[in-house]
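Novice: Chain residues, written in single-letter form:
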Amino acid sequence: MAKLESKIPSGPLADKWRRHKTEIKLVNPANKRKYEVIVVGAGLAGSSCAATLAELGYRVKCFVFHDSPRRAHSIAAQGGINAAKNYQNDGDSVHRLFYDTIKGGDYRAREANVHRLAEVSVNIIDQCTAQGVPFAREYSGLLANRSFGGAQVSRTFYARGQTGQQLLLGAYSALSRMVGQGGVQLHPNSEMLDLVLVGGQAKGIIVRNLNTGEISRHSADAVVLATGGYGNVFNLSTYARGSNATAIWRAYKRGACFANPCYTQIHPTCIPVSGDYQSKLTLMSESLRNDGRIWVPKRKEDRLKPPAEIPESDRDYYLERIYPSFGNLCPRDVASRAAKRMCDEGRGVGESGLGVYLDFADAIKRLGENGVRERYGNLFDIYHEITAESAYKSPMRIFPAVHYTMGGLWVDYNLMSNIPGLFVLGEANFSDHGANRLGASALMQGLADGYFVIPYTLGDYLAGQKAGSRPATDAAEFKEAEDNVRGMTRRLLENKGKEPVSHFHKRLGKLMWEYCGMARNKAGLEQALQKIPALREEFWANVNVPGSGDTLNQSLEQAGRVADFIELGELMCRDALTREESCGGHFREEYQYEDGECRRDDVNFAHAAAWEYQGADRTPLRNVEPLNYEFTKMSVRSYK
Amino acid sequence: MVAEKTAKKLFSVTLRVWRQAGPAQAGRFVDYPAANVNPDMSFLELLDVVNDGLTVKGEEPIAFAHDCREGICGTCSCTINGKPHGPGHGIATCQLYLRSFREGDVIVVEPFRARAFPLVKDLVVDRSAFDKIQQAGGFISVRAGTAPDANSAPVPKRDADLAMDAATCIGCGACVAACKNSSAMLFVAAKVSHLGLLPQGQPERDSRVLAMVQTMDEAGFGSCTNQYECSAVCPKLISHDFIARMNRDYVKALFKSRFQPVSLGGGGGAG
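Protein sequence lines correspond, in order, to chains F and X.
Take the first sequence: its position 588, counted from the start at 1, is 588 in my numbering, and no numbers get skipped.
Take the second sequence: its position 150, counted from the start at 1, is 1150 in my numbering, and no numbers get skipped.
Since the hints were made in silico from the structure, they are not lab data.
The beta carbon of each residue, even a glycine, is placed where N, CA and C say it ideally should be.
Don't take each hint at face value.
Computed list of lysine-lysine pairs in DSS-like fashion (alpha-carbon distance at most 27 Å, straight line) [stated by the list, open to error]: (1) K1256/X - K305/F; (2) K510/F - K1057/X; (3) K1008/X - K305/F; (4) K510/F - K522/F; (5) K1057/X - K300/F; (6) K498/F - K1256/X; (7) K1132/X - K1008/X; (8) K1008/X - K531/F; (9) K1256/X - K506/F; (10) K393/F - K1057/X; (11) K103/F - K25/F; (12) K300/F - K1132/X; (13) K32/F - K1132/X; (14) K1132/X - K506/F; (15) K510/F - K1008/X; (16) K1057/X - K496/F.
Selected chain F positions facing chain X (in silico; Cβ < 7 Å) [as the list claims (entries may be wrong)]: (17) G141; (18) S173; (19) A308; (20) E312; (21) G327; (22) L329; (23) H384.
Pair by pair, the computed Cβ-Cβ distance ranges are [what the hints assert, rightly or not]: (24) L26/F - R1258/X: 27 to 35 Å; (25) Y317/F - V1108/X: 22 to 30 Å; (26) I24/F - A1153/X: 27 to 35 Å; (27) K7/F - T1146/X: 45 to 53 Å; (28) R33/F - P1148/X: 49 to 57 Å.
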């Protein structure tokens, strides 16, 4: 049984972090250069962490599977980043940001972590502005804000629709500076395939160079994983094609607990699937719901009719009907589930039947076509590019898609997993968003972890490690891990079955979407727990991985990742089955109020479930970390 | 997420793809016929389908670079029918859809070719030279935790907007691939201008442009001869005006660096 000590400091909520910083151990400046730290991943969390640790004087090795750190998928975030700056003088505060985030997460996150996140949010904006991130500005030259879901203040900073790109390029520039100065050794095209534990502590990784196939060992005094989320378990998602769970999954198999894997965020406004060949779902910003009206035909028979031929009286503006006070602006999870219900009833539109209309006709009447173009022109362009349809002329078709994963490796308040020396940052950990993430909070968390949390908490761990004590890479543990990686690579390459990797990924995605998607139930999850292991067996019996291991081999890369996704998918279903309540992104049909809202069970499930690997054919162990709400009252989350 | 067969009219094309096993091997074009192409399919999805077909036949799939598939990560990098990122305007390869092509088309697919972008395999090239240029000076030196309040230095909206125009560069390298000189001037100019337009970027403005241009030259990129193919193919439509801005910065910085006044006063503090 893993020991899950959250290490939350005592004392008043607002003082915890400040006090913790003054009480934890330090490494003196001259000693820092004697420590080596491995950072895996170079998105917002990884880049900011690697740069900041190097600025402090640690020797950092940064590994990314991309050809450049600037390609990490943080780059695709559109909307913005929250911070409790209160520049709008509209009553925002650290406490309000804390409260909104806790409530948004449906009371399934740690209070102390979330409060710290809200506290450092203000430093993030200062840091990024100083780096030259071109945030949107008012004519005064001061920073602009906009409002976002789940908040009643304007606290979101943004850079057009490319906030993630600009923040990542800021972190990348800081990282590049430290690479140029020799503080960070950068390893691009390098995929971590195993974690090395020596004496029960994380002391290294095994890496495959994706261009040459070379497998190498790297030792360090601590290992930081910042490898992002695992939404590609669903195959189709708004993630990049390369986003994967391999680093955290292999760490899980070495003993790191995986917390709340079933918490998945499904975004309501994405462009629907158009064919079996499809590789990617594209997000349409949620801001469109400010002016667009969502509807489906009242009658099934009308679903293939051109929308213009369906008169007003035959349309069902279902969000306005079911949620009269919030209407089209109800929360993401509610809007997603409602769309699914309409399509399940057979009223979904488009050839696939998996779509609903987002109609701007009224907005165009009110604002004129140019008025709508000014607000949403770029989004209408993207929509046109992908579908060849003009949303000025006929309504957009949208459908929910997997967008973010709140679950991840379990970490304590210091962002250290239950394996000493293994730290996990950003989307890869589970810590700050509970069961649902609010818009514009992912960027905040990634940068908070990398710039402002890990520089303190890693020092606390390293201060307890003798400088120069890291193991040599010829230690037996490194050899065992390398053999493990070579064995897996060989096993995959020797598989010359009948089906390409994508075949299994698609089938896994369909299973997960069906049984562990927007709505889950016991019978479905139990079925999935039968079908996924069968798929896994079929994968290993029938996958075809062409080519060799000593060159760039994208099929091999993908095969390893999909093998991990299949195993992780099973764990997600197991977690969803055992969490007998609905909360945030986890909706169990058995546990809902009459109006379709989540029915939480705070008596039995106010905890994080942290799964512990027990071996290939054994059921993992479900550990529990109780969530003690000392400062906030858990209540029914209502946005009505 | 199951989609039914679309009613759209399907068609056939031939992909003429550059295959090269590695930097040391010789490359050649190989034709791959593709039938039942859906106009709503993206170009990269067609490569996926062709690759699955090759896999099932026991042949090695075509290596190509891709990731976000929404035009922002800058990974995808195909020259299609002679034009980096293909026939569209202001898009990356991943945003190209098959409806841009017709029945019977032969679509020629090559990697981004440039001396400074050595080939890795098939359609994949090594663009790490861009990272080296960034490492030489593409930053503002500010350690985490030392920044002043973000609103302490207002930035005129016009400057901020122009900086953002430059900052949208996705680092794909199409500008280099399109240029007959394989010049990286648009890429470097975008970063130099983005940071040079902001008050925070002023202290290092001179050293930045000198270091980045020097590194660019050393990496084997050619010179700019003002033909502007770069901005014509840029997926973010970054203007070549930024090159003029960089040239101005460069000349100024060069002059200043040649004139180094020597202080005769005490200056420095005692240690």
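Novice: If a hint holds in the structure, say so; if it doesn't, say that too.
Specialist: Taking the hints in turn, this is what the structure says about them:
no., hint, result
1, K1256/X - K305/F, "violated (70 Å)"
2, K510/F - K1057/X, "holds (25 Å)"
3, K1008/X - K305/F, "holds (16 Å)"
4, K510/F - K522/F, "holds (18 Å)"
5, K1057/X - K300/F, "violated (43 Å)"
6, K498/F - K1256/X, "violated (66 Å)"
7, K1132/X - K1008/X, "violated (46 Å)"
8, K1008/X - K531/F, "violated (34 Å)"
9, K1256/X - K506/F, "violated (60 Å)"
10, K393/F - K1057/X, "violated (45 Å)"
11, K103/F - K25/F, "violated (33 Å)"
12, K300/F - K1132/X, "violated (58 Å)"
13, K32/F - K1132/X, "holds (26 Å)"
14, K1132/X - K506/F, "violated (38 Å)"
15, K510/F - K1008/X, "holds (24 Å)"
16, K1057/X - K496/F, "holds (11 Å)"
17, G141, "holds (3 Å)"
18, S173, "holds (4 Å)"
19, A308, "violated (18 Å)"
20, E312, "violated (27 Å)"
21, G327, "violated (27 Å)"
22, L329, "violated (25 Å)"
23, H384, "violated (11 Å)"
24, L26/F - R1258/X: 27 to 35 Å, "violated (45 Å)"
25, Y317/F - V1108/X: 22 to 30 Å, "violated (49 Å)"
26, I24/F - A1153/X: 27 to 35 Å, "holds (33 Å)"
27, K7/F - T1146/X: 45 to 53 Å, "violated (28 Å)"
28, R33/F - P1148/X: 49 to 57 Å, "violated (28 Å)"
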